[in-house]
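Those protein sequences? They're chains R and V, same order as listed. Residues 1 to 352 in the numbering used here are what the first sequence spells out, letter by letter. Residues 1 to 352 in the numbering used here are what the second sequence spells out, letter by letter.
Some clues are possibly wrong.
Identical copies go unnamed one by one, so any copy, or any two together, can satisfy a pair.
As the list claims (entries may be wrong) - Here are the simulated SDA-like pairs of lysine to any residue, each with C-alpha atoms no more than 25 Å apart in a straight line:
no., residue 1, residue 2
1, 113, 221
2, 336, 48
3, 336, 228
4, 336, 50
5, 336, 319
6, 336, 311
7, 113, 265
8, 336, 174
9, 113, 196
10, 336, 306
11, 336, 32
12, 336, 320
13, 113, 317
14, 336, 89
15, 336, 315
16, 113, 324
17, 336, 74
18, 113, 333
19, 344, 6
20, 113, 200
21, 113, 242
22, 336, 6
23, 113, 99
24, 336, 65
Hints in this document: simulated from the structure, not taken from any laboratory. Being a predicted model, the structure only gives us computed values, none of them experimental.
There are 2 protein chains.
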Amino acid sequence: MTKPVATLGILGGGQLGRMLAMAAARLGIDAHIYCPDDNAPAARVSARATVAGYDDERALAAFAGSVEAITTEFENVPAATARFLADRVPVHPSAAALEIAQDRVAEKSFLNKIGIDTAPWRAIDGLDDLTTALTEIGPRGILKTRRLGYDGKGQVRLDGPQDAAEAFAAMAGAPAILEGLAAFEREISVIAARGQDGTVRCYDPGENRHSDGILRETRVPAAIDTATHDTALAMAERIATALDYVGVIGVEMFAMADGALWVNEIAPRVHNTGHWTIEGCAVSQFEQHVRAVCGLPLGDPARHSDAVMHNLIGDDIDTVPALLAEAGAALHLYGKGEARPGRKMGHVTRLS
Amino acid sequence: MTKPVATLGILGGGQLGRMLAMAAARLGIDAHIYCPDDNAPAARVSARATVAGYDDERALAAFAGSVEAITTEFENVPAATARFLADRVPVHPSAAALEIAQDRVAEKSFLNKIGIDTAPWRAIDGLDDLTTALTEIGPRGILKTRRLGYDGKGQVRLDGPQDAAEAFAAMAGAPAILEGLAAFEREISVIAARGQDGTVRCYDPGENRHSDGILRETRVPAAIDTATHDTALAMAERIATALDYVGVIGVEMFAMADGALWVNEIAPRVHNTGHWTIEGCAVSQFEQHVRAVCGLPLGDPARHSDAVMHNLIGDDIDTVPALLAEAGAALHLYGKGEARPGRKMGHVTRLS
Chain R
1 MTKPVATLGI LGGGQLGRML AMAAARLGID AHIYCPDDNA PAARVSARAT VAGYDDERAL
61 AAFAGSVEAI TTEFENVPAA TARFLADRVP VHPSAAALEI AQDRVAEKSF LNKIGIDTAP
121 WRAIDGLDDL TTALTEIGPR GILKTRRLGY DGKGQVRLDG PQDAAEAFAA MAGAPAILEG
181 LAAFEREISV IAARGQDGTV RCYDPGENRH SDGILRETRV PAAIDTATHD TALAMAERIA
241 TALDYVGVIG VEMFAMADGA LWVNEIAPRV HNTGHWTIEG CAVSQFEQHV RAVCGLPLGD
301 PARHSDAVMH NLIGDDIDTV PALLAEAGAA LHLYGKGEAR PGRKMGHVTR LS
Chain V
1 MTKPVATLGI LGGGQLGRML AMAAARLGID AHIYCPDDNA PAARVSARAT VAGYDDERAL
61 AAFAGSVEAI TTEFENVPAA TARFLADRVP VHPSAAALEI AQDRVAEKSF LNKIGIDTAP
121 WRAIDGLDDL TTALTEIGPR GILKTRRLGY DGKGQVRLDG PQDAAEAFAA MAGAPAILEG
181 LAAFEREISV IAARGQDGTV RCYDPGENRH SDGILRETRV PAAIDTATHD TALAMAERIA
241 TALDYVGVIG VEMFAMADGA LWVNEIAPRV HNTGHWTIEG CAVSQFEQHV RAVCGLPLGD
301 PARHSDAVMH NLIGDDIDTV PALLAEAGAA LHLYGKGEAR PGRKMGHVTR LS
């Protein structure tokens, strides 16, 4: 156990930061939220908050001086911000890990390099690249911006070469990537944690259902066989170890009809598909992440129950009265004011 | 459902307020802590905090103006404070309920009046009263201050008339009560909740082990038969209803050898013997209390697991490294600086 952390700095103020701050509090650790937005959900459950930009070096330096460790709740914290802070106080995950996850080309190159399968892909910098790529990796695919996409934003599906020009125009000049369509049987994810001593612990894979690019449901256990389960965990461990990662990492995978697993995406943070661990395990993904980034030993990820987690998105918030009245429903609301379409307002977990 | 509560005011800043604030946050409700102590554990997980005395009417009025509902984390909030606030915003539990629980004579008179057994008792205002009481209710008993005792403080055990003078002197002139010793088989407690519509929901009784007047362990289920279980719940419901109570109330009982149940104490608040509900139920006692005082429907108190909760008191904090490494141990630390003897530093719950 390294020097105990009295205050953990968290970059970002959304619901993931909010649940991290509450997990830190459960371990007696204060949270200090750093976030450009006033009145962020995470700040409202934290001992301290700084409202400033990620390029405000004076505010960043003061923030670093007020905490013993720093982590992030989202992968798009500028790597330069993480580097600036890491000169002053331990920052996990590292700027290098963030950089890989921030760029879909860097991410897929990294994965393939360490022997992990992905959908076929090509970097797309011009319409010519796209036309060529469609002939090389198949007529259908998804064109995505290399950076800053989430919840299906910055993505266009192509059903053939005829869609190329419009899809390319939708990227608005941003560097892009074409990913071949994965004809998967199911989407699963592994929530892995790696401690400062290199220990890796994985939760049981969840099986996920998305619609409109947004996660709707995670169910554990996933309907996969033991061999697939073991392979999925081994892949997550290989990724975390190759990144020299510290903290929780979410690894989304496609389970293919032939038994192969392709990694879709890695998220260097606590993950929406791991929310079920709050009720399903003695140590949630949030506490596990806090433990890792604070240099504490990882907890046991064993699951004591089966679980199904549903996100409450946009108007789903109108179901809250029914959820409050439903026996066995564990409800989480994020304290966001306005229920815009596609906005994650909360989630509900049911154990069985 | 009454007008939704955006911010819940909580009087008191200790660990109970801390866990209440986190439960409120889970439902998207901000907490505003009002407490005379700077840097209170509850304030560090809350959206707002006011540091002021319970008799500071200006601060109280501003506090009332900033919240839609108010509750307390401890029973010794002055009733005058609760009344002052209740003129401005709904306050639960009521000043009347607090007053009964604040005075052991008022509490026992109330209980006996509604047909609930207690240990035999006498109000003690002078040494003569004590001498007489010892002849009437038996030679052994516990002399307690009528007000402000907790965790065994303000209590002296008498093993016969020879101890009377010294015990009486220990009360230092404070009004007191003599309680006959209860030769109980076990101590149990019922955590009940009553909603604003009069609905009562009880968690399964816990079986408690105290030492030196401080709770060490709660275990559910308690080793009691079905009839005792049902009687215990019915008694808790009768108490909550007779008080026209809103919120969670802890009812400590002695299970006697002859099958009788004597109520030892009522606590008009979330209760240490209900901490196991955080892991053991979909809706914890903290969320249940928040629901009740905010006018939301009560949740289902069904228990999905057996549980054992241990308090971490004083030096027990030294076991934290072992607890962090223990599979299945759900650890809660309260963020208190100094581990003084007898101070509750945290707790750990194990499900089975």
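The hints, checked one at a time:
For the identical chains of this complex, residue 113 and residue 221 are neighbours neither inside a copy (30 Å) nor across copies (54 Å), given an alpha-carbon limit of 25 Å. In this assembly of identical chains, the alpha carbons of residue 336 and residue 48 lie at most 25 Å apart whether taken from the same copy (19 Å) or from different copies (17 Å). Within a single copy, residue 336 and residue 228 get their C-alpha atoms no closer than 38 Å, and across copies no closer than 45 Å, so neither meets the 25 Å cut-off. Proximity of residue 336 and residue 50 under a CA criterion of 25 Å is satisfied in both settings, with 19 Å inside one chain copy and 23 Å between copies.
Proximity of residue 336 and residue 319 under a CA criterion of 25 Å is satisfied intra-copy only: 16 Å inside one chain copy versus 38 Å between copies. For the homomeric pair residue 336 and residue 311, the shortest alpha-carbon distance inside one copy (14 Å) is at most 25 Å, but the shortest distance between copies (35 Å) is not. In this homomeric assembly, residue 113 and residue 265 come within 25 Å of each other (Cα to Cα) only inside a single copy, at 15 Å, whereas the closest approach across copies is 66 Å. Taking identical chains as interchangeable, the C-alpha atoms of residue 336 and residue 174 are never at most 25 Å apart, the minima being 30 Å within one chain and 50 Å between chains.
In this homomeric assembly, residue 113 and residue 196 come within 25 Å of each other (Cα to Cα) only inside a single copy, at 24 Å, whereas the closest approach across copies is 61 Å. Neither within a single protomer nor between protomers do residue 336 and residue 306 lie at most 25 Å apart by alpha-carbon distance, with minima of 29 Å and 35 Å respectively. Proximity of residue 336 and residue 32 under a CA criterion of 25 Å is satisfied in both settings, with 19 Å inside one chain copy and 17 Å between copies. Taking the shortest Cα distances, residue 336 and residue 320 sit within 25 Å of each other inside one copy (14 Å), while across copies they are farther apart (35 Å).
Taking CA atoms no more than 25 Å apart as the test, residue 113 paired with residue 317 passes in neither setting, with 43 Å inside one copy and 46 Å between copies. Taking the shortest alpha-carbon separations for residue 336 and residue 89, only the inter-copy value of 24 Å comes in at or below 25 Å, while the best intra-copy value is 31 Å. Proximity of residue 336 to residue 315 under the C-alpha cut-off of 25 Å is restricted to the intra-copy arrangement: shortest distance 13 Å within a copy versus 40 Å between copies. Proximity of residue 113 to residue 324 under the C-alpha cut-off of 25 Å is found in neither arrangement, the shortest distances being 48 Å within a copy and 36 Å between copies.
Taking the shortest alpha-carbon separations for residue 336 and residue 74, only the intra-copy value of 17 Å comes in at or below 25 Å, while the best inter-copy value is 30 Å. With identical chains, the CA atoms of residue 113 and residue 333 are never at most 25 Å apart, being 40 Å at best within one copy and 43 Å at best between copies. Taking the shortest Cα distances, residue 344 and residue 6 sit within 25 Å of each other only across copies (18 Å), while inside one copy they are farther apart (30 Å). In this homomeric assembly, residue 113 and residue 200 come within 25 Å of each other (Cα to Cα) only inside a single copy, at 21 Å, whereas the closest approach across copies is 61 Å.
Taking CA atoms no more than 25 Å apart as the test, residue 113 paired with residue 242 passes inside one copy only; the shortest distance there is 10 Å, against 71 Å between copies. When the C-alpha separation of residue 336 and residue 6 is checked against a cutoff of 25 Å, the pair qualifies only between copies, where the shortest distance is 11 Å, while the shortest distance within a copy is 28 Å. Taking the shortest Cα distances, residue 113 and residue 99 sit within 25 Å of each other inside one copy (16 Å), while across copies they are farther apart (70 Å). In this assembly of identical chains, the alpha carbons of residue 336 and residue 65 lie at most 25 Å apart only when taken from different copies (22 Å versus 30 Å within one copy).
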